[in-house]
Each structure stands twice: as C-alpha cells, then as structure tokens.
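> Note that the protein sequences, when read in sequence, are chains F and D.
The opening position of the first sequence corresponds to residue 1 in the working numbering, with each subsequent residue numbered one higher.
The opening position of the second sequence corresponds to residue 1 in the working numbering, with each subsequent residue numbered one higher.
Hint data in this document are derived by calculation from the structure and do not stem from the laboratory.
Idealized CB from N, CA, C, for every residue including glycine.
It is possible that some hints are incorrect.
Said to hold, decoys possible - With a cut-off of at most 27 Å between alpha-carbon atoms, the simulated DSS-like pairs for lysine-lysine come out as follows:
1. D/Lys75 / F/Lys224
2. F/Lys260 / D/Lys102
3. F/Lys202 / D/Lys5
4. D/Lys73 / F/Lys224
5. F/Lys174 / D/Lys102
6. D/Lys73 / F/Lys245
What the hints assert, rightly or not - Only part of the chain D face toward chain F is listed, based on derived beta-carbon distances under 10 Å:
7. Gly42
8. Gly175
9. Asp179
10. Glu212
11. Leu286
12. Lys306
13. Ile344
Stated by the list, open to error - Across the chosen pairs, the derived CB separations fall in these ranges:
14. F/Gly336 / D/Lys102: 40 to 48 Å
15. F/Thr535 / D/Gly13: 33 to 41 Å
16. F/Arg398 / D/Arg386: 47 to 55 Å
17. D/Lys102 / F/Ala71: 23 to 31 Å
18. F/Ala529 / D/Val315: 40 to 48 Å
19. D/Leu23 / F/Glu203: 36 to 44 Å
20. D/Gly38 / F/Lys181: 36 to 44 Å
21. F/Gly530 / D/Leu228: 30 to 38 Å
22. F/Lys35 / D/Ile307: 53 to 61 Å
23. D/Glu113 / F/Gly334: 31 to 39 Å
24. F/Arg73 / D/Arg65: 27 to 35 Å
What follows is each chain in one-letter form.
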Amino acid sequence: MKNNLTARTVIIVVTILVCVFGIIDFPKSRAELVKNFNDNIRLGLDLKGGTHLVLEIQVQDAVKADADQSAERLKDDLKKQNVAWNSMDVPDVAHVEDAENVAITIKGIPATQSSAFRGLVSERFSNYILTALNSTDYSMKLKPTDLNELKVDTVKRAVDTIGNRIDQLGLAEKSVQQYGKAGSKFEVLVQLPGVDDPARAKELIGTAAVLEICDVKEGPFPSKEGALAQKGGILPLGTRLVRSKPRGAQDGEQWYLVMKTPVITGRDMRNARPGQDEFRKWETNFSLSQDGGRRFGRYTEANIGNKLAVVLDSQIVSVATIQSKIEDSGRITGLGSEEEGVDLSRYLRSGSLPAGVIYNEERSIGPSLGADSIHQGIVAGLAGLLAVVAVMLVYYKRAGVNAVLALGLNTIILLAAVSYFHAVLTLPGIAGIILTIGMAVDSNVLIFERIREELRTGKSVIAAVDNGFSKAWWTIVDTHVTTVVSCAFLFLFGEGPVRGFAVTLVIGLIANVFTAVFVSKTIFDYELAGRRQLTELSI
Amino acid sequence: MELFKNTNYDFLGKKWPFIIASLVLTMAGFASILVRGGLTFGIDFKGGTLMTVKFSQKPPIEKIRNAFSRSGKIKGEVTVQNFTDPQTQNEIEIGTELVNEKQLAANRQAMEEVLAASFGQPGSGKLDLNSASKDSLASRLRDPLAAAGVPMAEPQLQKVVADILNYRDTPPRSGLIVDFSQLSSLPGVNAGIISALKQECYLAPYTVKKTEMVGPKVGAELRNKAVLATLYALAGMLAYIAFRFEWIYGAAAVIAVFHDTLITIGLFSIFHEEISMTVIAALLTLVGYSMNDTIVIFDRIRENLKIMRREPLEVLMNKSVNQTLSRTIMSAGLTFLTVVALFIWGGPVLHTFSFALVCGITVGTYSSVFIASPIVLFWHNYTDGRKRSAPVLAAAARTDASRKSPSKAVK
C-alpha cells in the first residue's frame with residue numbers, strides 16, 4: 001500500500017512538471033514567464049483580434065485554361081495533319097460547381113476526315129473524352145479522374161501562392177490552409193492573428209488574383225463607351241477592354257483594348273525585383289522560366305515597338321513598350337516612384353494564382369475588441385472560479401481543498417494540452433473548458449456526497465472513502481463516456497468551431513478522470529495512511 | 001455543512017405541474033418564433049455584412065441612418081442598431097443584407113467610406129489615429145519627426161508607435177482616444193511626438209471594432225453541418241445509454257436533452273437574442289451538461305434496482321432522486337454561478353453564449369428529474385400493465401450482468 005502510494009505520487013508529480021513545462025518552459029525571469037505563457041497559449045482570432053478569410057478558389061478558371069491550351073494544341077495538330085474544321089471554342093462557365101461542364105466544342109469536321117480526327121484526339125489527348133454531337137460536330141471533356149486531379153492541384157497551388165503573398169506582411173504567425181474536404185470543396189482558410197490592417201492583407205491576396213501579360217491593340221481610351229463607339233460598337237475578335245488601375249483620385253479612367261489570350265502568365269514568372277536605372281528612375285527587373293522565356297522571346301522579337309500590358313485580376317497595373325527582344329529576363333522601365341517599383345515587382349514575383357478567388361467569408365476583429373474580450377473574459381472567469389472555490393471550501397471543508405487542487409490541476413493539464421498540440425483557444429474552445437470544469441466539479445461533488453452517505457451508515461472513515469470512490473466510479477465512467485461518444489460524432493461530422501469544442505472537451509474529460517478520481521483519491525490516502533482508527537473526516 | 005440530509009420529497013408525484021410548465025414554455029417559444037416569422041439568426045448563418053462601431057459619445061443614430069440612406073452606394077437594406085447593454089452603450093451595429101460575394105465586398109467598403117465622410121476628415125489629408133495601423137502611423141511620423149528635430153532610430157520609432165496603439169486599444173480607452181494630451185503620460189512620448197501627431201493625425205470620434213462579411217454559401221452549410229453533427233451525437237449517446245442501461249433510459253435522456261434545447265431556442269426567440277455560431281457551441285455545452293445530470297440520476301436508479309427489488313418503481317425513483325439531490329443542487333448551483341459570472345461580466349462577445357447556458361442549465365437540471373425520470377416510469381407502468389410481469393427485475397438482472405463488481409458495490 002505504501003509503495004503503491006509512492007508510485008502514484010511520482011506519476012502525479014511528473015504529470016504536473018510535464019504540464020507546467022509545456023505552459024511556461026523554464027523561465028528565468030518574470031518577464032520571460034509572461035512571454036513564454038503568451039507564446040504557448042495562443043488565443044484564437046475571436047479573442048485576440050485579427051483577420052479571418054475564407055476564399056473560394058474558382059477552379060473552373062483553371063479547368064477552362066487547361067481546355068484553352070488543349071484547344072490551341074489541337075488546332076496546331078489539325079493543321080499539320082491537314083484536317084479541316086470550322087470553329088473551335090471553349091464556352092465560359094461562371095460557378096465552381098460547373099467546372100465539370102467545361103468542354104471544347106469543335107464544329108465542322110468533314111465526315112470524310114472523322115476517323116483521322118478521332119485517331120488524332122485519342123493519340124494526342126488521352127486525358128480527354130471525345131463525344132460526337134452529330135456527324136460533323138464534337139465535344140471534348142477532361143476525364144473525371146484528371147479533372148479531379150487538376151482541381152485538387154489548383155487549390156494546392158493557390159494555397160502556396162497565397163502563403164507566399166502573405167509572407168510579405170512579415171507576420172510572426174499566420175495560417176493558410178485548405179478548408180474542408182479536398183476534391184469536394186475548393187476553399188482556402190487564411191488566418192492572420194493580430195493583423196491590424198486587414199485591408200492590406202486582402203489587397204495582397206485579393207487584388208492580385210491572376211497575372212497576365214497581354215498584347216495591347218489600342219488605347220488608352222477615356223471611357224469604355226468611348227472605346228466601343230470608336231470600334232463601331234463591336235470589339236475585334238479575340239480582344240477585350242480592360243481598365244487600368246487608378247493611381248490616385250485625380251486620375252481619370254483609362255481603358256485599353258488588349259488581346260484575350262495572354263502572351264505569358266504569372267506561372268512563367270521566376271523572379272522580379274525593383275531597381276533604378278542610370279538616371280535613377282525606378283524600374284522592375286524580372287526573369288522568366290525557360291518555356292515562358294522562349295515564348296516571350298518569339299513574341300517580343302516580332303512585336304518591337306508595340307505595347308504590352310501587365311494585367312492583374314482584369315485591371316492593368318502597368319503598360320510598357322517593347323524596346324527589344326526579351327527572352328528570359330527583362331525590365332519594365334519608367335515607373336513613377338519607388339513604391340510603384342516595389343508593388344509591381346511584388347505582383348510579378350508572387351506568381352499568379354492558378355484561378356480567381358472570391359471571398360466567402362471575411363471577419364476582422366479589431367485589436368481593441370480583442371483586448372476588451374480578454375479583459376472581460378478574465379474578470380468573469382476569475383469571478384466564477386472564485387465563487388466555486390469559496391463554496392467548495394465552505395461546504396466540504398477539508399475535502400474541498402482536494403476538489404480545488406483537482407480543479408487547478410485539471411486547468412493546468414488543459415492548458416498544457418493546448419500548448420503541446422499547438423491548438424488555439426477560441427470561444428467555442430472555452431465553452432468546452434467551461435463544460436469540463438462543470439463536470440470536474442460534478443465528479444468531486446459526486447464522490448464527496450457518496451462518502452458522506454457511507455459515513456452516515458456508520459462505516460469507518462477508511463471504508464467510507466474507499467466505498468465512496470468505488471461507487472461513484474461507474475457513474476463517472478458513464479457520464480464521461482457518453483460525452484466522449486457525443487464528441488466523437490461532433491468531431492466526425494462537425495466543422496470548424498464545433499470540432500474545436502469537441503477536442504477541448506475530450507481532453508478536459510480525460511484530465512478530469514485523472515484529477516477527480518486518481519489525484520483526489522491519492523490525497524485522501526495520504527491523509528488516512530497509518531490512521532486506521534480515524535473516526536472523523538472533514539468533509 | 002450539509003443542506004440536504006436524508007430528504008424525502010415526492011418529486012415524481014409533483015411531475016405534472018412541471019411537465020405542464022415545460023409544455024407551456026415550449027409552446028410559448030414556438031408561438032414567439034411563429035409571431036416573429038422565424039428565428040433571428042446572426043450573421044454566421046444569415047450572411048451579409050456587419051460592422052460594430054464604437055463612438056466616443058452617444059452615437060447619433062438618426063444621423064447615421066440618414067447618411068447611409070443618402071449615400072446610395074450600398075445595395076440592399078441597411079440596418080443601424082444600438083446595444084442596450086450598459087457595457088456597450090456607445091456601440092452600434094450596422095448591417096447590410098445578403099447579396100453576392102462581390103457586392104458584399106463593395107458594400108463593406110462603402111460602409112467605411114460613408115462613416116469616414118460623416119464623422120471623419122477624409123479630405124484633410126491627415127491620418128485617423130483611431131483607425132491607424134502600426135505601419136501607417138510609423139510611416140506618417142518618420143519624416144515629420146526628423147524635420148522637427150526629434151530624429152529617432154527605427155526600432156525606437158516602432159516601439160513608440162506600438163506603445164501608442166497599445167494604449168489606444170486597452171480598456172478603458174478600448175480603441176478610442178479623444179484628446180492627444182491623453183498620450184503625454186506614456187513613457188517615451190515627448191512634446192515633439194505629440195506635436196508631430198497633432199500635425200499628421202486627427203481623432204475621429206468613432207472606431208470600427210469588428211467587421212464581418214459572410215457570403216451566401218457559408219451560412220446554410222454551417223448551419224446544416226452543425227445541426228447534423230448534433231443529431232448524430234444525440235444518436236450516439238442514445239446508443240451508449242441503451243447499451244449501459246435499457247433502451248428506454250437512452251430514449252428518455254435524449255428526449256429530455258432535446259426538450260432543453262427546444263426551450264432554450266424558444267427563450268432566444270422570446271428575448272429576441274440572435275442565434276450565432278457561439279450559441280451553437282453553448283447549445284452543445286448544454287446538451288453535454290444536461291445529459292451528465294440525467295445519467296447521474298439514472299445511475300442511482302440502476303443501483304437501487306438491485307438492492308430494493310420489492311419497492312414499486314415510483315418509490316424507488318423518488319428515493320434515487322432524493323439521494324442524489326444534494327449533488328444535483330451543488331453541481332447545478334456551482335455551474336450556474338460560473339455561467340452567471342460570465343453573463344454579468346463577460347462582455348458582448350460572451351453575452352449570447354452565457355445567456356444560452358443560464359437558460360440551459362436551469363432547464364437541464366429540472367428536466368432530469370421531471371422529464372427524463374417520468375418517461376422511464378410511464379413506460380414501465382405501461383408495459384407492466386400489459387404483461388403483469390416485472391420487467392423491472394429483468395432490468396436489474398441485465399445491469400447486474402453488465403457490472404463487473406456487484407458484490408463490492410452492494411453491501
């Protein structure tokens with residue numbers, strides 16, 4: 001019995017040490033203690049303040065881009081094989097759900113060449129399914145497995161790109177992750193704790209959705225209507241009107257007529273950085289990937305003197321004139337200010353998102369609200385806790401100390417779990433903690449009431465304590481297992497906050513069985529050890 | 001100290017008044033929901049944009065409403081509401097309806113512009129200190145300080161800026177500085193900095209504390225998922241209790257918990273509180289709490305079934321409820337204390353959360369005694385009447401088998 005008690009004490013002391021270490025490490029000073037605590041116990045955005053964004057990646061854009069490229073390749077191949085066709089296009093789709101409806105429609109293949117056409121498609125475009133609409137028209141769609149792969153890959157690349165862009169904010173902690181099940185949802189969750197300027201974060205992620213460098217046909221025009229009027233109301237084939245991003249409020253509108261198909265996209269961009277030329281004017285130097293450089297070289301060689309537009313998310317951020325053939329590196333000169341150079345190089349460098357984004361959710365909690373919440377939360381939490389401690393001590397006297405120690409240890413274990421699992425404490429998580437503390441109090445009360453009942457029947461103190469614990473044990477098991485079962489379901493089927501609640505609760509319940517039963521019993525045993533004749537227990 | 005020693009109240013005899021009270025409460029909740037045309041959902045589930053703005057004085061609601069209705073930039077209806085809670089006296093909520101994602105973003109920006117135009121000085125070229133970020137304030141102060149002959153090293157400047165904004169954001173300022181002279185007491189802030197601040201910044205009489213924008217896809221999905229997860233969790237609990245006790249105990253416990261949730265939601269409608277994601281967390285807490293409470297009583301009934309085989313079920317149940325009464329009052333009372341503390345001092349973020357728990361714990365405690373136990377009793381009386389046998393004994397035999405150490409527990 002004595003050995004057993006020693007072993008149990010060792011377990012308890014080790015647990016306490018491990019937990020305390022998890023929360024505050026080895027602080028050497030008061031300031032360090034506070035710092036370690038704040039580093040290890042991280043608060044969620046709802047308490048601390050910050051920005052929370054859920055973006056939906058428009059995967060249909062990527063599917064459409066893939067189809068566009070395939071259509072271009074197909075045209076080349078058909079030309080080489082002398083197969084004639086009337087028209088080939090890829091209709092736009094508006095929603096993520098329609099991504100699977102993206103198709104290349106090919107019209108006017110002569111019936112005599114249909115077998116040659118089919119042969120070509122099955123040989124060169126094995127990831128596409130070809131369906132005949134009638135004797136001369138066809139439709140081509142990506143195979144479901146390839147389509148799914150493309151979608152998942154698009155979201156992954158978007159997560160990387162957004163992560164890179166957010167890095168430029170220079171935040172200590174941030175999180176960019178896929179949100180929801182891969183393959184069925186295309187959302188990205190961005191959390192920026194403590195960011196006091198959400199507009200800037202959004203600007204970094206959002207405005208730079210798709211980067212394209214396009215051939216400028218004509219412009220600038222003072223307005224869209226003016227441009228249309230000049231063109232007789234109809235835009236030339238394969239072109240679009242794009243507005244340039246206003247620099248300041250005094251700038252008027254400027255519209256350019258550019259080619260729809262970009263020369264190169266952000267995907268081809270390797271690196272870009274701001275610099276100054278010999279006249280100390282700002283410029284942006286950039287380098288391209290091998291493949292992009294080859295295409296850009298061919299294009300610029302043939303179009304010296306023409307203009308190119310850097311188009312970001314359908315807004316022109318810069319228009320430059322091609323002065324010479326540019327292969328894998330070049331520069332955009334004549335920028336107005338350092339800021340312009342920095343911004344442009346940042347846009348170019350951070351790469352292009354593979355698809356556009358829309359914001360499904362945005363929450364920014366100001367730092368003052370966060371400070372208020374923490375302040376009020378602490379005041380309220382302490383007031384509640386003090387009341388509980390006071391009542392326990394008055395009502396159960398000496399045994400109440402057991403309960404208070406168990407409660408304290410329970411809280412320490414919970415905080416340590418938050419620290420070790422790198423979790424963040426959010427409001428729903430705190431809901432879980434409150435329920436845990438409620439159940440911890442309940443477990444103690446259950447046991448103490450049982451011991452009192454046993455004492456009333458005239459049992460000896462030692463027998464009453466043993467019986468009290470063993471009888472309350474099954475009740476505690478049943479209540480805790482029921483709650484764990486419900487948490488398992490909440491975790492499996494719930495999402496976001498509901499999951500946070502379930503996780504905190506399960507950890508709290510395990511801690512609770514340990515503290516209310518194991519630790520509390522050990523303290524009782526210490527008190528009763530070697531005092532077999534004890535007739536009164538302070539409970 | 002012991003308050004409830006060997007009590008012998010006839011709880012089950014008084015079940016009808018409580019069952020009727022429960023029915024009345026449920027009906028009142030439903031009626032309120034019907035009258036109000038459905039529950040009031042928070043932005044989490046409803047979608048739209050919502051901005052919480054704190055003013056330095058009593059907010060001029062009419063002026064704000066007029067400013068928004070005049071602007072014409074915002075699509076859909078704009079609502080301006082003030083809080084009644086004394087802690088949030090000078091705060092208002094401005095909300096717009098749910099529209100598509102792009103329009104929501106535009107609405108949000110327009111809301112900021114309208115506020116700035118009505119209460120700020122957007123044309124002055126100065127920076128609003130009450131909405132400034134660290135970067136913007138630092139870059140505003142750098143040159144003027146150097147020009148005024150107070151040059152500062154970059155880390156020093158960053159620290160002063162961080163200190164000023166920290167001071168602004170901690171209570172009792174809570175985001176609003178009304179006079180530059182307030183800052184002069186801060187260490188490191190000298191007259192030169194104050195005059196640079198005065199030259200570069202102004203103090204708008206408001207600050208945006210929170211902005212939320214929820215698109216059409218998010219709300220419905222969140223709600224469906226949360227409801228579905230809760231239903232699965234209830235089914236899981238039913239299965240476990242049915243396995244440990246008898247199926248009717250599981251059913252009774254789940255009905256009682258369901259009853260608590262319904263009444264709490266009804267009370268939300270009656271008191272015109274909004275249902276948000278936080279409230280869902282509170283409802284889950286209450287489900288867990290109420291279930292716990294019910295199981296403790298059922299557990300005692302199961303135990304007594306083995307040692308008091310001859311007693312009629314109603315007497316036995318009464319005895320069990322009385323035996324656990326002390327623990328019920330203590331546990332419920334202590335949890336209630338914590339939750340009331342949260343309700344009083346927890347502030348607006350915890351307000352609806354603690355409201356749900358205050359209602360839920362009250363209802364959850366009495367439902368274990370007056371809803372869950374009578375259901376088991378009704379069922380056994382009904383089957384007894386039909387079979388004239390004693391299924392109570394059968395139940396006792398089963399639980400005997402499921403328990404590993406009966407000889408120790410029963411003396």
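> Now tell me, hint by hint, if it's right for this structure.
Tested hints:
Simply put, lysine 75 of chain D and lysine 224 of chain F have alpha-carbon atoms about 23 Å apart, close enough for the 27 Å limit, and the pair holds. With a C-alpha separation of about 23 Å, the suggested pairing of lysine 260 of chain F with lysine 102 of chain D holds against the 27 Å cut-off. Between lysine 202 of chain F and lysine 5 of chain D the alpha-carbon distance is near 64 Å, which puts this suggested pair outside the 27 Å criterion. Simply put, lysine 73 of chain D and lysine 224 of chain F have alpha-carbon atoms about 21 Å apart, close enough for the 27 Å limit, and the pair holds.
At most 27 Å may separate the alpha-carbon atoms for a hinted pair to count; lysine 174 of chain F and lysine 102 of chain D meet this at roughly 25 Å. Restraint check: the Cα-Cα separation between lysine 73 of chain D and lysine 245 of chain F comes to about 20 Å, which is no more than 27 Å; the hinted pair holds. For glycine 42 of chain D, the shortest C-beta to C-beta distance to chain F is roughly 12 Å, which exceeds 10 Å, and the interface hint is violated. A distance limit of 10 Å between C-beta atoms decides the matter here; for glycine 175 of chain D the minimum to chain F is near 3 Å, and the interface restraint holds.
Violation of the interface hint for aspartate 179 of chain D is found here, the shortest Cβ-Cβ separation to chain F being roughly 17 Å, above the 10 Å cut-off. Because the smallest distance between the Cβ of glutamate 212 of chain D and any Cβ of chain F comes to about 5 Å, under 10 Å, the interface hint for this residue holds. The restraint placing leucine 286 of chain D at the interface with chain F holds, with a minimum CB-CB distance near 9 Å, inside the 10 Å limit. The interface hint given for lysine 306 of chain D is broken, as the beta carbon of that residue sits about 12 Å from the closest beta carbon of chain F, more than 10 Å.
The closest approach between the C-beta of isoleucine 344 of chain D and any C-beta of chain F is roughly 7 Å, which is under the 10 Å cut-off, so the hint is satisfied. Distance hint for glycine 336 of chain F and lysine 102 of chain D: a CB-CB separation of about 29 Å, inconsistent with the stated range 40 to 48 Å. With their beta carbons about 39 Å apart, threonine 535 of chain F and glycine 13 of chain D fall inside the hinted range of 33 to 41 Å. Separation of arginine 398 of chain F from arginine 386 of chain D is about 53 Å and conforms to the stated range, judged on CB atoms against 47 to 55 Å.
For lysine 102 of chain D and alanine 71 of chain F, the hinted distance range of 23 to 31 Å is satisfied, since their beta carbons lie about 28 Å from each other. The hinted window of 40 to 48 Å between alanine 529 of chain F and valine 315 of chain D holds, with their beta carbons roughly 41 Å apart. Distance hint check: the CB atoms of leucine 23 of chain D and glutamate 203 of chain F are about 56 Å apart, inconsistent with the given range 36 to 44 Å. Here the CB-CB span from glycine 38 of chain D to lysine 181 of chain F is close to 30 Å, at odds with the stated 36 to 44 Å.
The hinted window of 30 to 38 Å between glycine 530 of chain F and leucine 228 of chain D is violated, with their beta carbons roughly 57 Å apart. Range check, lysine 35 of chain F to isoleucine 307 of chain D: Cβ separation about 58 Å, and the 53 to 61 Å hint holds. Distance hint check: the CB atoms of glutamate 113 of chain D and glycine 334 of chain F are about 32 Å apart, consistent with the given range 31 to 39 Å. Between arginine 73 of chain F and arginine 65 of chain D the C-beta distance comes to about 59 Å, which lies outside the given range of 27 to 35 Å.
When held up to the earlier numbered hints, the structure conflicts with 3, 7, 9, 12, 14, 19, 20, 21, 24 and fits the remainder.
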